[in-house]
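Peer 1: Sequence:
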Amino acid sequence: MLQPVLPLASLPDFNNEVAGLIHGYLFTPEAPPQRLNAREASQLAQQNLPESYFLWLHINLNHARAERWVQDHFSVDDDFFDEIHSASPRTRLAHQNDALLAVLNDVTFSKEERSTQNATLWIWCCTHTIVTARYRPVGMIERMHQQIDRLPFAEPDAMLLWLLGEQEAQLEQVVRRSSQAVDAIEERLLSAAIKTNRSELGHLRRMLLRVQRLLAPEPAALFRLLNRPPKWLKREPLSELRIFTEEFSVALNDLAGLMERIRLLQEEIAASLMEQSNRTLFLLTVITVLALPINIIAGFFGMNVGGIPLANNPHGFLLLVIVVLVFTLVAGWLALRRRRE
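Per UniProt numbering, the sequence shown runs over residues 1 to 341.
Just so you know, the hints here were simulated from the structure itself, not pulled from any lab data. All C-beta atoms, glycine included, are put in the ideal place defined by N, C-alpha and C. One or more hints might be untrue.
Here are the in silico distance ranges between beta carbons for each label pair [as the list claims (entries may be wrong)]:
hint : residue 1 : residue 2 : range
1    : A31       : E246      : 31 to 39 Å
2    : L281      : R90       : 45 to 53 Å
3    : N295      : L264      : 39 to 47 Å
Kindly produce the complete structure, drawing on both the sequences and the hints.
Peer 2: Structure below.
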């Protein structure tokens, strides 16, 4: 028989600190979620919970005994901690030993800094227990905790689907804000700040590549899960999971399209820089060609040898100026003619 749970004391519980338990709740259909401390959660884990009851435990992995506490009191597979120890932040959702194993990433986008910050969340979900674990604070967990009394979590898979929806919303937010930043760069693309635009586009593209690597789940794992779901997973959550997979695929396609757009803008900026360099080189070439006649004549007349022409002519300097001017005009005409051709 299920023992009643005592209300949590107002002071911090030492057992929570030792076990690394951040949030612990018992969900029942008759009453709002009931807060648990580490001792109460471990006691309930030894009982046979009714079908509509389940526990949620949120663990801080920075505590040395957190992993051992979960393994000693809850039937969590070793694969869950193997996934954590692998230190792979890539988003995934897989079926392991009649449980669901998920790796989610809480990504926040800073519009001012044009950067992203992420915190990885590991989830193990079965019939009566859902365990979430993290090293860094996860925003989606804290948002869920703030409205825990209003969220209708009748099953642990409902909580997992809510977290998946939050990650999809974050991905859409990253795509939307990045698209706004690209729009602003595109509007000033023809301005003089080409170097700044090129730097920002490169930074945005690298950031989106990191987001894509983090949030893109493995398609094969999702399809395997949809084709062979756990026996305890009901039809309604399974259909919601299919909808999530489709919406997430659309968001990833939008992300890929945005990255392709950034690549085209980078190519356009590179073409503009190349054209500007060509104009500069042409200007330098014209100046060199125009200065060539006077340099040649000055070199000849600067020789300290006998027989220099026009040495005794009172109009020698004027004649040399006319000759240099004629050669310069002819060279300039030839250069401009070649440019027009």
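Peer 1: Are the hints correct? Go through all of them and say.
Peer 2: Here is how each hint holds up against the structure:
The beta-carbon spacing between A31 and E246, approximately 35 Å, falls within the hinted interval of 31 to 39 Å. The supplied range of 45 to 53 Å is met by L281 and R90, whose beta-carbon atoms lie about 47 Å from each other. Distance hint for N295 and L264: a CB-CB separation of about 45 Å, consistent with the stated range 39 to 47 Å.
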